[in-house]
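Participant: The primary structure of each chain is shown beneath.
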Amino acid sequence: MSATQILFWFLSALAIVSALSVVISKNPVYSVLSLIITFFAVSGHYILLNAQFIGIVNLIVYAGAIMVLFLFVIMLMNLNQDNEPQKNKWLKMAGVVSGGCLMLVFVAAFKTSEVNGKIAQTIDGNIGLTETLGKALFNEYVVPFEISSILFLSAMVGAVVIGKKGD
Amino acid sequence: MHSSLLVVDWFFLLEKLIMIIAIVSVSLVIAMYETYFERKIAAYLQDRRGPNRAGPFGLLQPLADGLKLFMKEEIIPNTPNKFLFILGPCLAMLTAMMTSAVIPWGGTIDVFGRPVSLQIADINIGILFIFGVVSMGVYGIMIGGWASNNKFSLLAALRGASQVISYELPMGLSLIALLFITGSLKMSAIVGGQLDQLYNITYQPLGFLIFFICALAECNRTPFDLPEAENELNFGYHQEYSSMKLGFYLFAEYINMFISSVVMATLFFGGYDIPFVNDAALGQSIGANWLAVLEAISLIGKVAIFIFTFMWIRWTIPRFRYDQLMNLGWKGLIPLSLINMLITAAVVLWLKK
Chain X
503 MSATQILFWF LSALAIVSAL SVVISKNPVY SVLSLIITFF AVSGHYILLN
553 AQFIGIVNLI VYAGAIMVLF LFVIMLMNLN QDNEPQKNKW LKMAGVVSGG
603 CLMLVFVAAF KTSEVNGKIA QTIDGNIGLT ETLGKALFNE YVVPFEISSI
653 LFLSAMVGAV VIGKKGD
Chain Z
56 MHSSLLVVDW FFLLEKLIMI IAIVSVSLVI AMYETYFERK IAAYLQDRRG
106 PNRAGPFGLL QPLADGLKLF MKEEIIPNTP NKFLFILGPC LAMLTAMMTS
156 AVIPWGGTID VFGRPVSLQI ADINIGILFI FGVVSMGVYG IMIGGWASNN
206 KFSLLAALRG ASQVISYELP MGLSLIALLF ITGSLKMSAI VGGQLDQLYN
256 ITYQPLGFLI FFICALAECN RTPFDLPEAE NELNFGYHQE YSSMKLGFYL
306 FAEYINMFIS SVVMATLFFG GYDIPFVNDA ALGQSIGANW LAVLEAISLI
356 GKVAIFIFTF MWIRWTIPRF RYDQLMNLGW KGLIPLSLIN MLITAAVVLW
406 LKK
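In order, the protein sequences belong to chains X and Z. The opening residue of the first sequence carries number 503 in my numbering; numbering runs sequentially from there. The opening residue of the second sequence carries number 56 in my numbering; numbering runs sequentially from there.
Chain X on its own, in the form it takes in the complex:
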């Protein structure tokens, strides 16, 4: 096994184990921390594919900002095992069924998609470099990019409106 392969298997195992522990762990703070580890593992995969920009932005935005806000809320809610609401049995069953359906759809989609059978470019691909990505975003995909930024702007305005309601 080469070093890349060892890293790949290690990161994959880490991602799966920590993603499972997000769901399994009783304490929501541990769930958030496991989710952060999952993001690290996924970023590691991005970097193995030489998509450095996406890898680091994934860390900055998700692990560095969004998960901090998650932790914020969870720490302030003062959750402990006594007052955690017990979900009823049918809800749990429904969750399992819908999760299974989603997985079925994913498997079916990836089985017939065109990426099937292609080997990912590790280390020497340059699709994920900052320069390539910037050129693609601001030349080919400039309209969708700007539209999505307007979407973010509207979300921000909405948050401000909701925050101002009390005054």
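Honestly, the hints are just simulated from the structure, not real lab data. Please note that the accuracy of each hint is not assured.
[What the hints assert, rightly or not] With a straight-line cut-off of 30 angstroms between C-alpha atoms, the simulated DSS-like cross-links for lysine-lysine are: (1) 667(X) - 386(Z); (2) 637(X) - 407(Z); (3) 241(Z) - 407(Z); (4) 589(X) - 137(Z).
For this one, chain X is given, so just place chain Z on it according to the hints.
Facilitator: Okay, now just chain Z, sitting in the frame of chain X:
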């Protein structure tokens, strides 16, 4: 393919290992002596003498402090999250040390005919790496404060986290303006563009000012040291910590101060470039190795000035109130850095025409 693990470039590994050990120990020693100089500078600003008992001029004071912290009793409060309680200071220390990996500490030296760059990792996304690690730094504060099982610690941790998140935004925006000029995210390219040239501070004075203020806030230094405002929150997020775990938190702050000074010197003040001297010509006459030594000393000199400024500010300016802090961040610095970014972009476009 299968043997590529065996064909490891041992010299490369050894080189990087030595670099990492050297840089980590230099950061630790500098952080140690920062505590000494902090107390000395505070003393002189307040017309006192400062530490002067341990060794000549009190120079052994940091060692005595360290010994004291190590010998103190280790107390873990009654908390359900002992693991997180210990993880907090570890994370603070880890994130403080990691930034130094992408900083160029000097030019290339020549070791037995092999060129060795004085930088641990020259990655394409150097600045973004620093930014990513800085944004991780908030976890050390939050986890430690929460796991302490103490309302004061929790409040301080939340204050610290919201402060760090708020000031990351203007910091990033001021860096974007800088990147317009350098055109690269690589730290070595940013320093290379300033070697024997005008420093970036001449193009980005406002950007530097914003970055400096944000660096103060990110290091939780006065006037932004609200997470440890002792008159409101006892001792802040590390109130429940004792012994070396407390030492790690305090130490991480000093390392952060050192590293952010290095980053400012690298991004805005030419990095390891020796001011007023033509480095390339000097390298011709005294050789690359001596040049690298002089360059590293020059970088440390610039850093020392920044660290002094940090301490000077700490012992001069009183701390902000919390609403003032948030107003400054969101209503002052973010619009200012946006304007700075727009102006820089317009000028760069205009000059390139």
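Participant: Determine for every hint whether it applies to the structure shown.
Facilitator: Each hint tested on the structure:
1. Annotation: proposed proximity of residue 667(X) to residue 386(Z) holds, straight-line Cα distance about 20 angstroms (limit 30 angstroms).
2. Proximity of residue 637(X) to residue 407(Z) is assessed by CA-CA distance (about 18 angstroms); at most 30 angstroms being required, the pair is judged to hold.
3. Between residue 241(Z) and residue 407(Z) the alpha-carbon distance is near 22 angstroms, which keeps this suggested pair within the 30 angstroms criterion.
4. About 28 angstroms separates the Cα atoms of residue 589(X) and residue 137(Z), which keeps this hinted pair within 30 angstroms; it holds.
The structure is consistent with each of the numbered hints, conforming to all of them.
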